[in-house]
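One line per chain: the protein sequences are A and B, in this order.
According to the numbering used here, the residues represented by the first sequence are 1 to 240, in order.
According to the numbering used here, the residues represented by the second sequence are 1 to 240, in order.
Hints listed in this document are in silico derivations from the structure and should not be mistaken for laboratory results.
Any given hint might turn out to be false.
Claimed, not checked - Straight-line Cα separation of at most 20 Å, SDA-like style, residue types lysine to any residue; simulated pairs:
{"no.": "1", "chain 1": "A", "residue 1": "Lys226", "chain 2": "B", "residue 2": "Arg156"}
{"no.": "2", "chain 1": "B", "residue 1": "Lys228", "chain 2": "B", "residue 2": "Glu129"}
{"no.": "3", "chain 1": "B", "residue 1": "Lys228", "chain 2": "A", "residue 2": "Pro88"}
{"no.": "4", "chain 1": "A", "residue 1": "Lys228", "chain 2": "A", "residue 2": "Phe239"}
{"no.": "5", "chain 1": "B", "residue 1": "Lys228", "chain 2": "B", "residue 2": "Asp123"}
{"no.": "6", "chain 1": "A", "residue 1": "Lys228", "chain 2": "B", "residue 2": "Arg156"}
{"no.": "7", "chain 1": "B", "residue 1": "Lys226", "chain 2": "A", "residue 2": "Gly152"}
As the structure is a computational prediction, the values presented were derived from the model and not from experiment.
There are 2 protein chains.
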Amino acid sequence: MGLEGLPEVREGDDVARFVADAAERAGGLEDDDVVVVAQKVVSKAEGRVVELASVRPSRFAEQISGGRDPRQTEVILGESERIVRLRPPLLISETRHGFVCASAGVDASNAPAPETVVLLPADPDDSAERLRARLHELTGRTVAVLVSDSFGRPWRQGTTDVAIGAAGLQVLLDLTGERDATGYELHATTIAVADEIAGAAELVMGKTAGVAAAIVRGLSLAGTGKGKDLIMDAGRDLFR
Amino acid sequence: MGLEGLPEVREGDDVARFVADAAERAGGLEDDDVVVVAQKVVSKAEGRVVELASVRPSRFAEQISGGRDPRQTEVILGESERIVRLRPPLLISETRHGFVCASAGVDASNAPAPETVVLLPADPDDSAERLRARLHELTGRTVAVLVSDSFGRPWRQGTTDVAIGAAGLQVLLDLTGERDATGYELHATTIAVADEIAGAAELVMGKTAGVAAAIVRGLSLAGTGKGKDLIMDAGRDLFR
């Protein structure tokens with residue numbers, strides 16, 4: 001269920017109140033709902049916005065920009081722990097949180113104004129936890145919260161939304177040790193349910209429709225998973 | 001909506017009839033429904049099953065098995081166009097279809113019997129198209145069909161379900177040229193909606209519950225996309 005009518009978010013805004021009000025108009029939150037909020041909205045409320053006029057690009061940023069505004073590239077490099085792949089203007093990096101994604105999650109679309117870019121939240125799990133606590137305060141409902149963003153993937157076209165922050169939810173469903181109908185043990189089968197939920201929510205949110213939050217209802221996945229649990233350890237990762 | 005009560009599928013079975021019957025019990029199919037069917041079911045109906053007793057492993061298969069049955073490794077190599085990463089027993093390869101996934105999609109879980117493995121459908125888009133046509137024949141409804149499988153991803157823990165075959169649906173939603181609320185043009189924003197739909201369906205299917213198909217209702221994404229449209233061209237891909 002997409003939540004319509006969220007106002008344009010500015011630094012300091014109470015996003016949970018916007019979500020609670022929009023949910024109220026749609027019949028109200030229920031316990032065990034998963035509330036998915038687009039990263040862009042969370043970042044703007046947290047002031048994670050950079051004015052490009054304040055940025056002086058390094059020579060390296062100019063060299064690898066490939067047509068992008070070099071000041072934006074400078075911001076991307078500042079958010080990057082490590083460059084994973086570079087084919088200007090495409091820059092895939094590992095962010096300080098450990099996410100591997102295009103442009104370190106720095107984005108100019110849906111920014112509050114021209115000549116500004118939006119960064120990922122400093123700690124998306126904290127953001128999710130705060131939203132969850134505030135939604136409980138406002139509505140009395142115990143919900144889960146995901147902060148979602150659109151990530152590309154190697155080998156496949158297009159982006160899918162994934163969970164970069166989580167609170168109140170199992171994010172990975174570990175079936176190791178369970179058996180299928182023929183008695184075969186399902187080795188190492190772990191499902192990234194939080195990413196599937198974020199992707200499902202994207203289907204009713206959209207990038208242009210201005211629907212920046214959604215409710216996913218009917219799952220029983222209460223838990224204590226974190227968005228960072230979805231990051232593969234660099235040591236196990238064959239692609240870093 | 002997960003479709004309960006699908007019988008165990010054997011070679012030659014009419015999967016569309018099983019789906020139509022299960023859907024009927026759940027209130028019936030509607031036009032524009034997306035019917036998501038697990039790859040394993042489609043493969044079994046198409047006889048894409050190999051008895052390991054019939055396989056003689058090469059020396060190479062023995063060397064790289066890392067504890068896996070070398071006959072299964074031999075089958076994986078037979079389904080592989082190219083090995084992308086190898087850390088025995090983990091083997092990520094490009095399949096003959098162009099998918100990059102673990103074990104070339106060859107799987108022993110949910111196989112029809114011990115000592116057998118299930119391969120991906122020979123042409124999952126054809127499989128989807130046939131299911132779609134047959135569902136139309138049986139129910140009069142014009143639905144879309146996705147054939148789904150669980151794929152791992154670099155950098156992130158856990159699998160998500162993706163669409164390996166499609167019929168009657170837009171699989172990629174291309175927002176290039178559309179503008180966000182501030183007038184910023186959304187460059188190169190393409191959403192892999194078919195993968196998000198497959199992931200959403202997984203949430204109500206599960207690996208152990210024996211729910212091998214689901215209906216996703218309420219989207220308006222009729223189109224002519226194919227599962228193979230979701231494969232990134234090798235030339236554009238920075239990770240092959």
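Outcome of the hint check:
1. Lys226/A - Arg156/B: The hint holds at about 13 Å.
2. Lys228/B - Glu129/B: holds, 13 Å
3. Lys228/B - Pro88/A: violated, 26 Å
4. Lys228/A - Phe239/A: With a Cα-Cα distance of about 18 Å, the restraint between Lys228/A and Phe239/A holds, given a limit of 20 Å.
5. Lys228/B - Asp123/B: Distance of about 10 Å is within 20 Å: holds.
6. Lys228/A - Arg156/B: Given that 20 Å is the threshold and the Cα spacing comes to 9 Å, the pair holds.
7. Lys226/B - Gly152/A: Holds, at about 19 Å.
Consistency note: the structure conflicts with earlier hint 3 alone.
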